[in-house]
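Enquirer: Just so you know, the protein sequences line up as chains A and B, in that order. Here full-length UniProt numbering is used: the first residue of the first sequence is 1, the next is one more, and so on. Here full-length UniProt numbering is used: the first residue of the second sequence is 1, the next is one more, and so on.
Don't take each hint at face value.
Under 10 Å between C-beta atoms, here's a sample of chain B residues computed to sit facing chain A [what the hints assert, rightly or not]:
no., residue
1, PRO86
2, ALA90
3, VAL92
4, PRO93
5, GLY147
6, TYR208
7, ARG247
8, ASN249
9, LEU269
10, MET276
11, ALA283
12, ALA290
13, VAL295
14, PRO299
15, GLN308
16, HIS425
Since the hints were made in silico from the structure, they are not lab data. Keep in mind that this is a model prediction, so the values were computed, not measured. Backbone N, C-alpha and C define an ideal beta-carbon position, used for all residues, glycine too.
Here's the letter readout for the chains.
Number of protein chains: 2
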Amino acid sequence: MLTTELSETEVSALRTNKERLASDLHHSCQWGYGIRWGDGPTDTGMQRLALSKDDKSVRDWFIQTMKDLKCNVTVDEMGNIFAVRPGREADVPATFIGSHLDTQPTGGRYDGILGVLAGIEVIKTMNDMGLETEGGVGVVDWTNEEGARFPISMVSSGVWAECIPLAHAHNLKEVPTVASLPTAASAPETMKSALQKIGYLGDIPCSYKSTPMAAHFEVHIEQGPYLVSANQRVGVVTAVQAYRWFRLNIIGRDTHTGTTAFEHRADALYAFAQMMVRAREVAASKGCLASVGIVEAKPGSVNTVPGQVSFSLDIRGPETEQVAEVEKELRTEFDAIAAAEGAGIGKPCRVEWTLDFDSPAVKFHEDCIDCVQQSAQAVVADASVADTKSLVRTIMSGAGHDSVFTSKRVPTSMIFIPCKDGLSHHPEEFSTADDCATGASVILQAVVRYDRKRFL
Amino acid sequence: MLTTELSETEVSALRTNKERLASDLHHSCQWGYGIRWGDGPTDTGMQRLALSKDDKSVRDWFIQTMKDLKCNVTVDEMGNIFAVRPGREADVPATFIGSHLDTQPTGGRYDGILGVLAGIEVIKTMNDMGLETEGGVGVVDWTNEEGARFPISMVSSGVWAECIPLAHAHNLKEVPTVASLPTAASAPETMKSALQKIGYLGDIPCSYKSTPMAAHFEVHIEQGPYLVSANQRVGVVTAVQAYRWFRLNIIGRDTHTGTTAFEHRADALYAFAQMMVRAREVAASKGCLASVGIVEAKPGSVNTVPGQVSFSLDIRGPETEQVAEVEKELRTEFDAIAAAEGAGIGKPCRVEWTLDFDSPAVKFHEDCIDCVQQSAQAVVADASVADTKSLVRTIMSGAGHDSVFTSKRVPTSMIFIPCKDGLSHHPEEFSTADDCATGASVILQAVVRYDRKRFL
Numbered sequence: 001m002l003t004t005e006l007s008e009t010e011v012s013a014l015r016t017n018k019e020r021l022a023s024d025l026h027h028s029c030q031w032g033y034g035i036r037w038g039d040g041p042t043d044t045g046m047q048r049l050a051l052s053k054d055d056k057s058v059r060d061w062f063i064q065t066m067k068d069l070k071c072n073v074t075v076d077e078m079g080n081i082f083a084v085r086p087g088r089e090a091d092v093p094a095t096f097i098g099s100h101l102d103t104q105p106t107g108g109r110y111d112g113i114l115g116v117l118a119g120i121e122v123i124k125t126m127n128d129m130g131l132e133t134e135g136g137v138g139v140v141d142w143t144n145e146e147g148a149r150f151p152i153s154m155v156s157s158g159v160w161a162e163c164i165p166l167a168h169a170h171n172l173k174e175v176p177t178v179a180s181l182p183t184a185a186s187a188p189e190t191m192k193s194a195l196q197k198i199g200y201l202g203d204i205p206c207s208y209k210s211t212p213m214a215a216h217f218e219v220h221i222e223q224g225p226y227l228v229s230a231n232q233r234v235g236v237v238t239a240v241q242a243y244r245w246f247r248l249n250i251i252g253r254d255t256h257t258g259t260t261a262f263e264h265r266a267d268a269l270y271a272f273a274q275m276m277v278r279a280r281e282v283a284a285s286k287g288c289l290a291s292v293g294i295v296e297a298k299p300g301s302v303n304t305v306p307g308q309v310s311f312s313l314d315i316r317g318p319e320t321e322q323v324a325e326v327e328k329e330l331r332t333e334f335d336a337i338a339a340a341e342g343a344g345i346g347k348p349c350r351v352e353w354t355l356d357f358d359s360p361a362v363k364f365h366e367d368c369i370d371c372v373q374q375s376a377q378a379v380v381a382d383a384s385v386a387d388t389k390s391l392v393r394t395i396m397s398g399a400g401h402d403s404v405f406t407s408k409r410v411p412t413s414m415i416f417i418p419c420k421d422g423l424s425h426h427p428e429e430f431s432t433a434d435d436c437a438t439g440a441s442v443i444l445q446a447v448v449r450y451d452r453k454r455f456l
Numbered sequence: 001m002l003t004t005e006l007s008e009t010e011v012s013a014l015r016t017n018k019e020r021l022a023s024d025l026h027h028s029c030q031w032g033y034g035i036r037w038g039d040g041p042t043d044t045g046m047q048r049l050a051l052s053k054d055d056k057s058v059r060d061w062f063i064q065t066m067k068d069l070k071c072n073v074t075v076d077e078m079g080n081i082f083a084v085r086p087g088r089e090a091d092v093p094a095t096f097i098g099s100h101l102d103t104q105p106t107g108g109r110y111d112g113i114l115g116v117l118a119g120i121e122v123i124k125t126m127n128d129m130g131l132e133t134e135g136g137v138g139v140v141d142w143t144n145e146e147g148a149r150f151p152i153s154m155v156s157s158g159v160w161a162e163c164i165p166l167a168h169a170h171n172l173k174e175v176p177t178v179a180s181l182p183t184a185a186s187a188p189e190t191m192k193s194a195l196q197k198i199g200y201l202g203d204i205p206c207s208y209k210s211t212p213m214a215a216h217f218e219v220h221i222e223q224g225p226y227l228v229s230a231n232q233r234v235g236v237v238t239a240v241q242a243y244r245w246f247r248l249n250i251i252g253r254d255t256h257t258g259t260t261a262f263e264h265r266a267d268a269l270y271a272f273a274q275m276m277v278r279a280r281e282v283a284a285s286k287g288c289l290a291s292v293g294i295v296e297a298k299p300g301s302v303n304t305v306p307g308q309v310s311f312s313l314d315i316r317g318p319e320t321e322q323v324a325e326v327e328k329e330l331r332t333e334f335d336a337i338a339a340a341e342g343a344g345i346g347k348p349c350r351v352e353w354t355l356d357f358d359s360p361a362v363k364f365h366e367d368c369i370d371c372v373q374q375s376a377q378a379v380v381a382d383a384s385v386a387d388t389k390s391l392v393r394t395i396m397s398g399a400g401h402d403s404v405f406t407s408k409r410v411p412t413s414m415i416f417i418p419c420k421d422g423l424s425h426h427p428e429e430f431s432t433a434d435d436c437a438t439g440a441s442v443i444l445q446a447v448v449r450y451d452r453k454r455f456l
């Protein structure tokens, strides 16, 4: 059986195996399982930091599994693992399904993991059916997507896309808080040394030129509440919102809390508090998000007004220009807030901005989106509701994913499935076996449809 | 010459030696000098943590100096050093002048140090004049007033007043940030072990019963801008404002910054920001102060909305009741702020309060205040202005001092002198030699006047 010889009805009837997918997924979670939150055997979170011992174990299992499925496996200089099921045409790039097997220190069983396991399930289904594709079909495990151990998210797909220099990635040092976890080394080490230590520093250059792809599809839990609260089954991801990460410093003046009237203070923390309140107002007014995740106040004494505060600011929005607008308005507003605090003594606060990361909005590829859209409608047709069309919606991703970087070089799109309470990066992160299987079936069809689009 | 035989005019003419006081003060600052801020030989801050090597050196010097001045020196279980110049009457308690020789990690040359050095200068002046007192005159160095190394301020005068249990004070562990300073031990140690290590664990019980005092006077830099900005020379301290220190925890929910709309968040840090802004408004409306010196947000990741925040809250006001009112209103307001954040998902933030320290307002003793008031007027009469009376004002202390605890057991009052920009707990803390000498002359007269009040 060959993809290009299937009828449209036959393509729409393709399904993956729900039980096998669930079984494989939880099997792979034996390496690095984390905090227990329920009584069931799989009721734990995950703690599988990139390039840890547990990450090595699941990588070894992934490679063995793919070899058993007759795939050719290669590993590049960033430890990205590419497993390709050959197609009929030998010299064309494969269509890839990919995500990541690493997790946050207190992560769950679905973020990233589902994306790779859905790929494995697609290959198993194709093998079972004896379904031949024109181009090959690959599954990729991208290294350190979370950025939890080595502090750049999606760093290895970034190197592959030649957006991040290899040396910069190799020299990343693991973050100290993570170094203290049992899964990490006792002393902070570089990403390159961690790759070497577990035997995953491959010899293939990490580049889209050395490991080309025809396209990249990724299934992922939504990590938000929209699908689950609307009882929808599939999100056809058309875009990823823009975001900018800043580090800000406010410089005021240390003074005694007991002897310094408000009008004599240049209280950097009070300025921060006003800025954070204002940031939400401004972002909301422009349909964007603004968040502070990290704040540090110095000197950090009960009876000293903090003279120095540093904090992170994460601005996100549907369009790059909207994020820039929020930034612009906040720069003006923050300057005004700083200037007012301490004005009474002629020593106002100052605020300084540093841009740490800039990710413009990403629009996924129309061809890929079409494949996912058609596949999603076909799969949800199984549901016992009158209007199955309403079970699918287009959606924008709020978070970054490896697909952001692949989309810079090859046609890409993503599929979201619902997760409980929209919760993610949390041990209780959960998606039902049904929803996981729906995601895998959609990506199976999408890959088949894309193969037909290429060669029909 | 005997105090009780002096005329009022003779008392008013008593002055200390400006040059000698300045010279002794800076001499004592050779032990533990800190950050340099100017070119002059004494243009440095101080870094003399309680019971450090440098603190031992200055204590040794203090004891030797007092013995050379024919004082009897005793050391109690908290390392408090009492040096008494005997009076004519052998069996009555001495009138004490006291403060502390320890400093903040980035402190200056005047806070505390001036108080002890003024005491030394008073004894030197009395010796030079051959002035006999009816009761003895003592100088006391209270241990760890700053609370910078062992985290309770005024802890040793607190034990002396039997307001703080001895065992609690002895078991205090030095704070970790301070432990990393060169002046402290390499591993955190207890106050008792630190006292033993430098040979200052005395055998006299630390109590007002074992070391009784007739009264306690303290001269101190203002640590605020009122005197200096009004060109006034002396503050007659009549009271110390009330304060309460709290530790608050806000419990929200960790979520992804990119995928969680504002209405789906229970952002503990956003709740904190609103609380801090509101705290200033409420405190100001009631003539009080509210300050946050410490804030910690967890988990502390750029792209995670913090689910947990803890912070310190320092509320101060002229009257105990005013502080209680601010606390009461803030409890209500903070609950409302917490309840609103996360209400959209039915999982609002919660806020919990813990009281760490409660210091009711202190009214100093009328007799002591009178002595200081008369002495201050007499000393500023030297000034070449028409209305010297206006150079003296009554003032309330915003900060705590050892005099807060002595006032619980014996008549007490304080004298403030101006400091540059009202700056304190800062290397550039500065008072002129003239102002220091004014403070010492005022305390000299106040002690003489108090002695006359007792025995005339």
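Enquirer: Does the nearest C-beta of chain A fall within a distance shorter than 10 Å of the C-beta of VAL295 (chain B)?
Expert: It holds, given that the least Cβ distance between VAL295 (chain B) and chain A is near 5 Å, below 10 Å.
Enquirer: Have a go at the ALA283 (chain B) hint: is there a Cβ in chain A nearer than 10 Å to its own Cβ?
Expert: 8 Å, holds
Enquirer: Is the interface hint for LEU269 (chain B) satisfied, with its Cβ closer than 10 Å to some Cβ of chain A?
Expert: It holds, given that the least Cβ distance between LEU269 (chain B) and chain A is near 6 Å, below 10 Å.
Enquirer: Given a cut of 10 Å on the nearest C-beta pair, is the interface hint for ALA290 (chain B) held or broken against chain A?
Expert: 9 Å, holds
Enquirer: Using Cβ atoms only, decide whether ASN249 (chain B) comes closer than 10 Å to chain A, and label the hint accordingly.
Expert: With a minimum Cβ separation of about 15 Å from chain A (threshold 10 Å), the hint on ASN249 (chain B) is violated.
Enquirer: Holds or violated: VAL92 (chain B) as interface residue toward chain A, Cβ cutoff 10 Å?
Expert: At about 35 Å, which exceeds the 10 Å cut-off, the nearest Cβ of chain A leaves the hint on VAL92 (chain B) violated.
Enquirer: Just to be careful: measuring from the Cβ of TYR208 (chain B) to every Cβ in chain A, is the smallest value less than 10 Å?
Expert: 25 Å, violated
Enquirer: Given PRO86 (chain B) was flagged as interface, is its beta-carbon under 10 Å from a beta-carbon of chain A?
Expert: Check failed: Cβ of PRO86 (chain B) comes no nearer than 37 Å to chain A, outside 10 Å.
Enquirer: Checking hints one by one. Is GLY147 (chain B) an interface residue toward chain A, by the C-beta closer than 10 Å rule?
Expert: Hint holds; GLY147 (chain B) Cβ to chain A Cβ min 8 Å, cut 10 Å.
Enquirer: Does the nearest C-beta of chain A fall within a distance shorter than 10 Å of the C-beta of PRO93 (chain B)?
Expert: 30 Å, violated
Enquirer: Closer than 10 Å between Cβ atoms is the bar; does HIS425 (chain B) clear it against chain A? Give me holds or violated.
Expert: Status holds, d = 6 Å.
Enquirer: Any CB of chain A closer than 10 Å to the CB of ARG247 (chain B)?
Expert: Check passed: Cβ of ARG247 (chain B) comes within 9 Å of chain A, closer than 10 Å.
Hint compliance for this structure: hints 1, 2, 3, 4, 6, 8 and 15 are not met, and every other hint is.
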